[in-house]
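**Q** Sequence:
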Amino acid sequence: MFVQTISFRQVLTLLVLSGAVFACTAGCVSTSSKRPPVYANLPKEMAKTSPLAEYDIGISDMLIVEAVRMVPKSPYLLQASDGVFIRDYGLEDEGFSIAGSYPIQPGGTVVLPPPIGAINIAGLTCEDAGEIIVQKVGKEIGLANTSDIGVSVELVSISGLQPIAGEHAVRADGCIQLGIYGSVHVAGLTLSEAKEAIEFQLSKYLDNPEVAVDVYSFNSKHYYVVMQGAGYGDKLIPFPYTGNETVLHAIAGINGLDRVSSKRVWIARPSLMNYYGQQEYNILAVDWQGITANASPQTNYQLMEEDRIYIAEDKWVAFDTNLSKITAPFERIMGFSLLGAQTATRYSGPVLKGGGNPVGGGN
Numbered sequence: 001m002f003v004q005t006i007s008f009r010q011v012l013t014l015l016v017l018s019g020a021v022f023a024c025t026a027g028c029v030s031t032s033s034k035r036p037p038v039y040a041n042l043p044k045e046m047a048k049t050s051p052l053a054e055y056d057i058g059i060s061d062m063l064i065v066e067a068v069r070m071v072p073k074s075p076y077l078l079q080a081s082d083g084v085f086i087r088d089y090g091l092e093d094e095g096f097s098i099a100g101s102y103p104i105q106p107g108g109t110v111v112l113p114p115p116i117g118a119i120n121i122a123g124l125t126c127e128d129a130g131e132i133i134v135q136k137v138g139k140e141i142g143l144a145n146t147s148d149i150g151v152s153v154e155l156v157s158i159s160g161l162q163p164i165a166g167e168h169a170v171r172a173d174g175c176i177q178l179g180i181y182g183s184v185h186v187a188g189l190t191l192s193e194a195k196e197a198i199e200f201q202l203s204k205y206l207d208n209p210e211v212a213v214d215v216y217s218f219n220s221k222h223y224y225v226v227m228q229g230a231g232y233g234d235k236l237i238p239f240p241y242t243g244n245e246t247v248l249h250a251i252a253g254i255n256g257l258d259r260v261s262s263k264r265v266w267i268a269r270p271s272l273m274n275y276y277g278q279q280e281y282n283i284l285a286v287d288w289q290g291i292t293a294n295a296s297p298q299t300n301y302q303l304m305e306e307d308r309i310y311i312a313e314d315k316w317v318a319f320d321t322n323l324s325k326i327t328a329p330f331e332r333i334m335g336f337s338l339l340g341a342q343t344a345t346r347y348s349g350p351v352l353k354g355g356g357n358p359v360g361g362g363n
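Using the numbering used here, read the sequence shown as starting at 1 and increasing by one per residue.
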C-alpha cells in the first residue's frame, strides 16, 4: 500500500485554492449586474446648476484686489518724493517763469529756477505752498507788492500712497492685509460684502475709495477622492472645489482607476439640505460603464462642496493581498527550516568523518 505524505506547503496551497473558490463565490453573489438608481432631480453633466448663490470667501483663498479710485483725504500735506506742478500768473512782465513740474526733494524742498532757488514746502497744503512761493518770489525779485502775481500748486504724484492692487491671501484669522491701511476680515463674506468691507477700511485714510474684488485662487473649499487600497492602505486626495466639477473630473484628476480598484464608484455626500431644503441623498451610486464607455450623463453627477468620491477595491486583489499577509510568515519560517536542514545534510557524513568534499568525495 502506497502512502503519500502531504507537506505543509501543499496544505497551504489547498487552503489558498479553497479560499479562492469561496472568494469567487462570494464575489459573484455580492456583485450585482443591476444598474444603480438615477436621481433625475440632481444636477449632472448635461444639466449643471450653480450650487452656490454667491461664493463665500474662506481661509486660504487668494483674492485679487484692483484699485479703482485711491485719492488721499483732504487736506493733503505735501511730503518728500511727491510730485507737484506749479503755475505762475503775472511773472511774464518780470521776464521769467517758474511754471513746470517739480519733485519734492528728500529735505522737503522744491528747487525753482534762479534767482528763486530752494523753498521748503513739506508739511503744507497745496494752497499754503503757493502762498509761500509767492512770498519767496517777491522777495527774490524785489517786489514790494505781490498782489499782482500768483502761484498755484497742483499735486501730480503721491509718494506715500500705499499700493494695494494685487493678490491677497486670506490668512488663518480670516483677514487680508492692506499694508499701512491695516487688515480687513473677509472670511465668510461674499465678494460684494468683501468689497464694501475693504472700501470702509480704506475710507479711514482715503477720500471715497473704490476697489474691485475677485477670487484669484479657490483654496478653501474641497471635494475628496477616496481610493480603497485592497490591503495596501487607502488613499485620500483633496481637490479644490469651484462648483463646475463632475465625477469624471474628479477621477481624471487621479489619472483614472488604479490597478487595485474595482469599477464600483459612488459619491458619499454629507447633506443636500443646505442647497435644496428637500430630500437628502447621502449615497449616489455611479454607473462607471455608463459614464465612460456609453457616454451616459445620468450618473455623472455634478459635485458639491465636501463630497467624497469613493472608489471600492478589487476583491480579488484584496483577497490576494490579505492571503499574502497570512502565508508570508509561514513561508519565511519554512524557508529558514529547509535551509537549515539542507545545510546540516550537506555537512554531515563524509565531511564530519574525513573532511572531504561531500560532492566530489575526499582525496
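Quick caveat, the hints were computed from the structure, so don't treat them as lab data.
Keep in mind that this is a model prediction, so the values were computed, not measured.
Don't take each hint at face value.
Below, simulated BS3-like cross-link-like pairs (lysine-lysine); rule was C-alpha separation at most 30 angstroms, straight line [claimed, not checked]:
(1) K48 to K263
(2) K48 to K221
(3) K221 to K263
(4) K263 to K325
(5) K204 to K73
(6) K235 to K48
(7) K235 to K325
Pair by pair, the computed Cβ-Cβ distance ranges are [what the hints assert, rightly or not]:
(8) F96 to S183: 27 to 33 angstroms
(9) E54 to S74: 31 to 37 angstroms
(10) R87 to E193: 23 to 29 angstroms
(11) L155 to F96: 43 to 49 angstroms
Think of the CB as a built atom: it goes at the ideal place given N, C-alpha and C, for glycine as much as any other residue.
**Q** Taking the hints in turn, state whether each one holds.
**A** Tested hints:
no., hint, in the structure
1, K48 to K263, "24 angstroms, holds"
2, K48 to K221, "19 angstroms, holds"
3, K221 to K263, "27 angstroms, holds"
4, K263 to K325, "25 angstroms, holds"
5, K204 to K73, "9 angstroms, holds"
6, K235 to K48, "28 angstroms, holds"
7, K235 to K325, "20 angstroms, holds"
8, F96 to S183: 27 to 33 angstroms, "51 angstroms, violated"
9, E54 to S74: 31 to 37 angstroms, "35 angstroms, holds"
10, R87 to E193: 23 to 29 angstroms, "44 angstroms, violated"
11, L155 to F96: 43 to 49 angstroms, "24 angstroms, violated"
This entry does not satisfy hints 8, 10, 11, going by the numbered hints stated previously.
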